[in-house]
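Visitor: Chains as they are written, first to last, in this note's numbering: chain A, 1 to 158; chain B, 159 to 239.
Take the hints with a grain of salt, since some may be wrong.
Unchecked claim - Facing chain B, according to a computed beta carbon distance under 10 Å, are these residues of chain A, among others:
| id | residue |
| --- | --- |
| 1 | D44 |
| 2 | V60 |
| 3 | A68 |
| 4 | E69 |
| 5 | L103 |
| 6 | P105 |
| 7 | C127 |
| 8 | Y134 |
| 9 | M139 |
| 10 | A146 |
| 11 | N156 |
If you are wondering where the hints come from, they were derived from the structure by calculation, not from laboratory data. The beta-carbon is built from N, C-alpha and C at its ideal position, and this holds for glycine as well.
Given next are the chains, with one letter for each unit.
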Amino acid sequence: MIHVPIICAVPAVSPVIASAALLLLAVVVWWWHARHTPFRPVLDRAAQERALLARRSYHVRAEAERRAEQMLRDILGEPLFQQFIRRGYLEVRSPNFPTRVYLVPERQGPVTVCEFGKPVMRLCVQCVERVPDYDAVAMHKLMIEANEQEYLRVANRV
Amino acid sequence: MAVLRVMNWRGDTKVSYDVERATAGEVEQVAAVEEAERIFREERARGATAFKVCPGEAGVRIDEFDTTAEQIVLVPRIAGG
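Bound-form chain A, shown alone:
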């Protein structure tokens, strides 16, 4: 309201141009507001709470995965971690059986046991607490290398 007389007071600007400028400004403000206001469908309270929990849960899981990845990186060292990412599994040599290699998958699942380079069995071992996938990889590596007998005692063949 204040700007109109000021713009009109400038002799070179006609009222038509000033009106067009105001209209353009209004459109830009409307567009800016629409762009920065997220679309929120009308949900009942329970659905809104579920959606909030899902969002929080996603963020917590993503953060957990990020931390687990960092820990695995620290345990393996960068070259071995890169090799693990490329292959999709981690090769862990048995400290007690020279011909044996354990292949630990990137995602939680059975560990393949190879003898003389050939798969001979699959073992299922997991933490009793829920842990991210990369933490499970670290668990397999540490248990096999430092506590293989206990690992084999607990493991189920699948």
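Take the given structure of chain A and dock chain B to it, following the hints.
Guide: Frame of chain A; chain B shown alone:
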């Protein structure tokens, strides 16, 4: 600077402490070392297995809190799947 890591559903909980500074009498670091030892004992009592870890090397299982370890990882109890 040493670190104690406890695996859990949040990734891991980390406690950093400096044994040298704690030995020199720095109150904050003494408290940090005590806290790390307390967590270590609690987790071991819950069935966790502790490993002394050096990057790129095989982990070493430990039963007592090792102040010389650069990194200790506590793995929760495992079971057959």
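Visitor: Does P105 of chain A meet its interface restraint, that is, does its C-beta lie within less than 10 Å of any C-beta in chain B?
Guide: violated, 13 Å
Visitor: Identify whether the interface hint at E69 of chain A stands, where standing means a beta carbon of chain B within less than 10 Å of its own.
Guide: Holds. Min distance 8 Å.
Visitor: Double-check C127 of chain A for me: the hint is only fine if its C-beta lies closer than 10 Å to a C-beta in chain B.
Guide: Interface hint status for C127 of chain A: holds (5 Å vs cutoff 10 Å).
Visitor: Report holds or violated for the interface hint on D44 of chain A, using the least CB-CB distance to chain B and a cut-off of 10 Å.
Guide: violated, 30 Å
Visitor: Minimum Cβ distance from Y134 of chain A to chain B below 10 Å?
Guide: holds, 8 Å
Visitor: A closest beta-carbon separation below 10 Å is what the hint needs, so does M139 of chain A meet it against chain B?
Guide: holds, 5 Å
Visitor: Classify the hint on V60 of chain A as holds or violated, based on whether any CB of chain B lies nearer than 10 Å to its CB.
Guide: At 7 Å from the nearest chain B Cβ, V60 of chain A passes the 10 Å test, so the hint holds.
Visitor: How about L103 of chain A: closest beta carbon in chain B under 10 Å, or not?
Guide: This interface hint is violated because 16 Å lies over the 10 Å limit.
Visitor: Close enough to count: is the Cβ of A68 of chain A nearer than 10 Å to one in chain B?
Guide: holds, 5 Å
Visitor: Using the nearest Cβ pair, does A146 of chain A come within less than 10 Å of chain B?
Guide: holds, 4 Å
Visitor: Next item in the hint list is N156 of chain A. Is there a CB on chain B closer than 10 Å to its CB?
Guide: holds, 3 Å
Of the numbered hints listed earlier, those contradicted by the structure are 1, 5, 6.
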